[in-house]
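Student: Letter by letter, the chains look like this.
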Amino acid sequence: MNTQRLVAMANDIAAFFAADPDPAAAAEQVATHLKKFWEPRMREEIRRHAGAGGEGLSPLALRGVKQLG
Amino acid sequence: MYAIDHKDLGTPAAASAEQVTLEIDGAAVSVPAGTSLMRAAALAGTAIPKLCATDSLKAFGSCRLCLVEIEGRKGFPASCTTTAAPGMKVRTQSPRLEQLRRGVVELYVSDHPLDCDDCPANGHCELQDAAATLGITGSRYGAGATQRGVTPDVSNPYFTFNPDLCIVCSRCVRACDEIQGTLALTIEGRGFGSRVSASEHQPFLASECVSCGACVEACPTAALTEKSLASLGAPAEAVSTTCGYCGVGCSLKAEFRDSTVVRMVPNRAGHANQGHACVKGRFAYGYATHKDRVTKPMIRERITDPWREVGWDEAIGFTAREFRRIQQQYGRNAVGGITSSRCTNEETFLVQKLVRAALLTNNVDTCARVCHSPTGYGLKHTLGESAGTQAFTSVMKADVVVVIGANPTDGHPVFASQLKRRLRQGAKLIVIDPRAIDLVRTPHVEAAAHLQLRPGTNVAVINALAHVVVTEGLAKDDYALARCEQQSYREWKEFISDARHSPEATEPVTGVPAARVREAARLYATGGNGAIYYGLGVTEHSQGTTMVMGIANLAMATGNLGREGVGVNPLRGQNNVQGSCDMGSFPHEFSGYRHVSDAAARGLFESAWNVTLADEPGLRIPNMFEAALDGSFRALYIQGEDFVQSDPNTQHVTDALAAMECVVVQDLFLVETARYAHVFLPGASFLEKDGTFTNAERRISRVRKVMEPLAGLADWEVTMRLAQALGYPMQYSHPSEIMDEIARLTPTFRGVSYEKLDRLGSIQWPCNDAAPEGTPTMHVGSFVRGKGKFYRTEYVATSERSTSRFPLLLTTGRVLFQYNVGTQTRRTKNLAWQAEDRLEIHPDDAESRGIEDGDWVGVASRAGEIVVRAALTRRVARGVVYTTFHFPESGVNLVTTENSDWATNCPEYKVTAVEVVKVAQPEAWRERTRAERGARVHRAAPVA
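Chains as they are written, first to last, in the numbering used here: chain P, 57 to 125; chain U, 824 to 1767.
What the hints contain is simulated information worked out from the structure, not anything from laboratory work.
Mixed in with the good hints, there may be bad ones.
As the list claims (entries may be wrong) - Below, simulated DSSO-like cross-link-like pairs (lysine-lysine); rule was C-alpha separation at most 30 Å, straight line:
#, chain 1, residue 1, chain 2, residue 2
1, U, Lys1203, P, Lys122
2, P, Lys91, U, Lys1579
3, U, Lys1203, P, Lys91
4, P, Lys92, U, Lys1316
5, U, Lys1203, P, Lys92
6, P, Lys92, U, Lys1610
What the hints assert, rightly or not - Okay, the calculated bits of chain P under chain U, using three or more residues with CB under 8 Å as the criterion:
#, segment
7, 65–73
8, 102–110
Stated by the list, open to error - Derived DEER-like restraints, expressed as beta-carbon distance ranges:
#, chain 1, residue 1, chain 2, residue 2, range
9, U, Lys1741, P, Pro115, 31 to 39 Å
10, U, Ser1622, P, Leu124, 21 to 29 Å
11, P, Leu124, U, Lys1741, 49 to 57 Å
12, P, Pro77, U, Val1434, 39 to 47 Å
Here the structure is a predicted model, which is why all the values come from computation and not from measurement.
Backbone N, C-alpha and C fix where the C-beta goes; we use that ideal spot for every residue, glycine too.
If we strip away everything but chain U, and leave its shape as in the complex, we get (with noise of 0.2 Å):
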């Protein structure tokens, strides 16, 4: 069942820009070329009836419901893959074909329950409407059907699969090829026979389905439908808003009857989804209903006491005399905050605003610190701006797609839905990942190269690239010269065509063939728009802002930069990466990117927020920690990020939290941090708010209020009271004026509004007078630094090495059904999925070691241990492990180092010397590492 709001119109929209026009009952309609007779009707108001016609899907005609009659021709031919005429007289109504419709829907009922007082679907069922419209009550044809009495397929927990209920349209199959592109579903037997079938016939939770609800969406009973329906009822309204998970940034319509959201569904008008949806955005929201949701301020003033609940006006009190007391003792640079790219831009402008103008120093970093930083300074660098180049729907011109450190189809499923849309259509791919990532190798898919590198060796690879390309003369030395500027070109190209970058020379190092890496560079650079994706695999490593550069200087030495197909796409992890780094999150430097010693933007913010600013930068997150152990560092305000799960070495940064005064932690739950924490702010879910996010293509798009708070303000109303309480005047009555005050003070929202976003649906920045309406693809015509700059990026080695103690090299990732760190989807039925961490590796290092699967294994480096299960698998090369880091019980970050990004302190996440041995005990293994972290670990203590 699609959304309550949506008018379907049965086919999707025709591109043509020509226009045909043709009479439909009489009245003249004029539609694009290629527009179906189906959708020109509705266009026109009169709605065809029809079964296996939806306008996500391509026209099938199977149902034969929704023919037609055309002036001179023979028969009833059907509208939904009947094209458009000029000229056409077409009659959608007559006696004969109500008794042909009349026909194919007394079958259809005589294969269908017709007690529909009692079904979820009732009042939004295509069939009910169908027989409704042509009065049918019952069918001629008796009972027939050989699904009576099946059991329905409750396996998965969001929705239903009902085989009663099924009218085999197929709609679902096409749907989970066409928009999802797992092919998960087939229709299986004959007849009455016929049924829908996930996999090989298997329980759908045990099948081959992502459970994205495509199929359920694009279901015209109660066939698929979702288990909120029927236990909450029909919805009543919708809301439009923005998911809060990856940085894909999905539309999504919040359907909800008396504040309580009874499910979610896709934006057909979204731009970024496309109207898809993933299982975590379109299902896995039940988080922010949960019983774990702190609504209560806490304050205490140990973090060994118990913590006492408070009212808002005592916690932020509290705060704001800590806050003052010690800044008064130990200087105005001994406090921070932290911004979260969960939270909403106006949110996070609001948080690096208090840290400037009420505490006066510039000690604000974000959690993008540990994900994408060495993107903002990679790209600014090279192509003079912080982000991502293109649209999602650019991908649709690429002819060569390279995908770096990153799994789509876990991390960003809906736009590697499209990415697969578009190698279906013969696009090639070329995958540079230790692992094995489903894109090499899934149904109708298979990456023309997959170059599976050691893990810390992404420079090497990527110089190895560009050495093939330049000296085998494929750089497009005119664009080049002409784009950027000519010096740092040419001296690039002396660097990188010396035979040390050469894939012979670095294959030892990397362990990738060097004919593979020839093939690759060549397909790359000959094979037509080349167009590359890079998630965290690129910049969690020592030399991340090095190889973000280096994927720029290939970019621009192949012309691959400034129009649409082409591009250089950080796929950002959470929903507002993108927008908190925009926001002026970073300690050196203000929204827009500007940093904090240029005098004339500082006097900008000065003069609107009367103030005068500090001019020099900011601790980062890591340096606050160090900070904090010396002794200079002692009161942090953190939103909505949870350190101690997410941060590397968690046992470093216990210690550091731990040495702190107070510890503020905004969140939606006690997550691990606010063990360490003195005061505990209720955090408002997406659902609770207004404001914007901004996803991984530069897209703003609306967060709107479903429910209330639950404690009763939002993030940003917290923000803002703790500013007054802290003596600075702060006033907001709406986002909308944030809003409004950031367009003022940063160039590239200049343009921004909550109206124009209302009126556009979503704007891609820049957005000013120069492109009032946004800016889809960036650096046309010229970059945006005036010339583009080339790097020489030598590699060098991270210090993280195996050796005979730690042989083993631990890289991380996440899965599609849990996120990040968990706090969220770990209190959601996506558990179902998968409910622990595992570590995957490869058989020969599994027998060497006497483990087999689901052993329980102990993770050791040289910052800590850990326990998980061992998964068996050929993802992993010999010698390579990995795991995610979903769950706290897993700690995994306890062996993960300090090292980090040379630039901008990201984390070195992906590279972990290590050793697995088999455990007996695990719980034991556990305790013992417990003990040893003893002391200086604090237990979570008791709400008083």
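For reference, chain P alone in the conformation it holds in the complex (with noise of 0.2 Å):
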């Protein structure tokens, strides 16, 4: 999968729920979101791409990604 575009996109998704005030809460959504939405080998390379430090990976979509477990 292209790993920029993925960053794209998960940074889409994490600017939707950077309106919760708790950020807490809000990673907790852009996980879920990513579990409910993306296919496994699309959550595998964001996975593995915030593993090596997540480039481009906006704090709170770093921080959802990294929930994904």
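Make one complex out of these two single chains by using the hints.
Tutor: Below, the structure is given as structure tokens:
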């Protein structure tokens, strides 16, 4: 999968949930969205990227991705 | 000429529940109060002669043929304009009445030729009927006509106007007024010189006429008549079916003889269309038998090879072997399928079943991905159901109508006619659109407000509207607190009250004057029933889902949900977008919108299908393309979808398709995507199969077969045979059995059956034990999700912004006469109205670039370049350009980008930063673009 594209998509998702004033809740919602709508190989790739430092991911997107487990 | 099986009752039905009893020709008759004597007599079985009356139009009282006698009254009143009254005694036949009627008909006949045998309306002409009833074969008055010798107007490709046959009854003029709402026709001149005139005495094709055909249907003679009636002869049979174009889902009667469709006539009993149709539904069905139809399956090893025609067994066997090989080689999830919003519910259900149960993957998606997927997500999360809330007829009880990012007169014309009727009754209109669509100002309709926002700023505008509602105390707190999650409402109010959402703060971003936003918000919140209708101008953005949620927030906060006249109504683009979504076409959910991780729902399907199903979401269409490019996705079965023309960033799409090892295209024609296919399976048009479509108001309607499939198999039969070839047992003898399975497995369809559809005409889901005849209005009393939920909808600017290199914003749409990628309408005579895509550009932007109307212009974005002709218009604001995407030679999606909605990956078609330059040699420009695409583009190979 195109990592940069996944990074952009994850950031877009995080940008929506960032409206939640509770950062922990926002990160949880990012993770839930990724689990419900991203195909496993997409999740695996973004998780690998986050594990390697997560370049380009917004702080909230990175936090959400790391909650994927 | 109305439908051959229609019994015309002369005047419209009265709506009163009160009954009145009168006597007609000695027999007692009871009818609703307000019923005309003509209709009362017709209901009692007595047809009073008439010419200017028909039951689709208000009584006019001009022909004086329907005269009757009423005991105790002087004279001979017209039965069409006289209302039934209790105790009234009416005579429809008497020597004096016959004498009067003979005189009237003789006058008409004096101005009308009597060579009926050669007339296309022979046997269906109301003047002929009247003359025959009265035994009139000539006229004592002799010929006094001045229309003899006037050349008929044959400019319209579908119908002719012959003044010689016109009796000037005004039915056509009234139909254009009352039914269509275009007011393109009038009667000009006096006496024998009176004649129907389109616009200012123009040929029909050049006039304002939108060719809906309502005038043709209303005509009692052959003055206005379908050309197909003249060329093919009168139809012998009629079958009720559902239009295959837009999401209005008009009920039509296909009139045919010997399996050849002679004409389409809107079904007067049609619940979605109320007896109306548009130029596409009524006339543009010729694609179904176009010479370009491919009726033999074809295969090839490589996409550079020529096609080889084969039999069905070989094509299906080849496909099955390839899919199994690829799964064995690359893994189970290296394959997938696409359902089509142009196919029936039963067919989409079968394709997703094939993918999930036979291929054992959830890699199934549908073309709704690129249009209304944000509607599904947004409405499901806020209201609890992925669908619009109302019936179309609800608009007749709306007081304030908000149209956002939709162009109903072009995209959903039959609904637009109904909307215009309501607006002409006095309802207010707010239009939110970057472009001045026709509804902003059209005969007898003018929007109270047009919020002409910059493309990409929808969410800022909806937030500003909500900000005004909340901060000015216009919200219906009691409604919202009782019907919605209270905490979410309080948090949302706090969020939306912040000054950053105010119209004044957002004006620099949106370009909409703050005062205008405030006026619109006040009007929507306080003007009575507020109804929102929206289209792809809402969904096809990076914040498409956010905008849908913002719309739902606004409707909940103002109490505009859960009754007639209000609601949130997505205007679906294609005939079965709603249905394809309902049927489990998305990779994360089964039919009825239940997530694949829901063990209980999955268990139902596993039990019914006798397989273990995947519990993880599959790939969406754009994800499939990405996976194809990284080599992990290798095979795709595409039913009725032309990615190469319809999806954004064409180069990216074609690269992905070219990277796959087996692409299967099932379609009517060798569409652009077929250039990249290894297997071509001939599709069947909507005339060639049975099934159902579900329209934008959740209305399930029957599609009925008129002719046998040209390729021998209906689409559902092809999918079934492919499943069998894959080793998965799938056996149905008729689509009704598929619907029975859908009903067993889908709670919202539990009460649906073909028997019930035949009995009721159509059904709006949910249809279950609680609502056995369906649900016209949703969320009555409570929301489907229990309590409505407000979401914070922060405006996030799209990354696609105008720059010094690309200073203009391109947005896209469609026109009345063409349809989506034009696969169907380009193969009809609708080309007479539009035969190319054009770029609308503001005169100031054009002038600064040296562009004049009609010039060829190059449009460049960061994704690609195209060449189209320019059309200078002030419909678009400065800085904004607009075009359609109907013609492959334009290749509009070469310039759109990979940006997509955050929640659903719906492409951001509506915002692309571009530059426009005048092009002296368009072919050279195109060649340069082709050369740049170069080696990666695979040209279509010829059939061997």
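Student: So, for every hint listed, does it hold in this structure?
Tutor: Verification of the hints:
no.: 1; hint: Lys1203(U) - Lys122(P); verdict: holds, 27 Å
no.: 2; hint: Lys91(P) - Lys1579(U); verdict: violated, 40 Å
no.: 3; hint: Lys1203(U) - Lys91(P); verdict: holds, 17 Å
no.: 4; hint: Lys92(P) - Lys1316(U); verdict: holds, 28 Å
no.: 5; hint: Lys1203(U) - Lys92(P); verdict: holds, 14 Å
no.: 6; hint: Lys92(P) - Lys1610(U); verdict: holds, 22 Å
no.: 7; hint: 65–73; verdict: holds (count 5)
no.: 8; hint: 102–110; verdict: violated (count 0)
no.: 9; hint: Lys1741(U) - Pro115(P): 31 to 39 Å; verdict: violated, 46 Å
no.: 10; hint: Ser1622(U) - Leu124(P): 21 to 29 Å; verdict: holds, 24 Å
no.: 11; hint: Leu124(P) - Lys1741(U): 49 to 57 Å; verdict: holds, 51 Å
no.: 12; hint: Pro77(P) - Val1434(U): 39 to 47 Å; verdict: holds, 45 Å
In summary, the structure is inconsistent with hints 2, 8 and 9 from the numbered list given earlier, while agreeing with the others.
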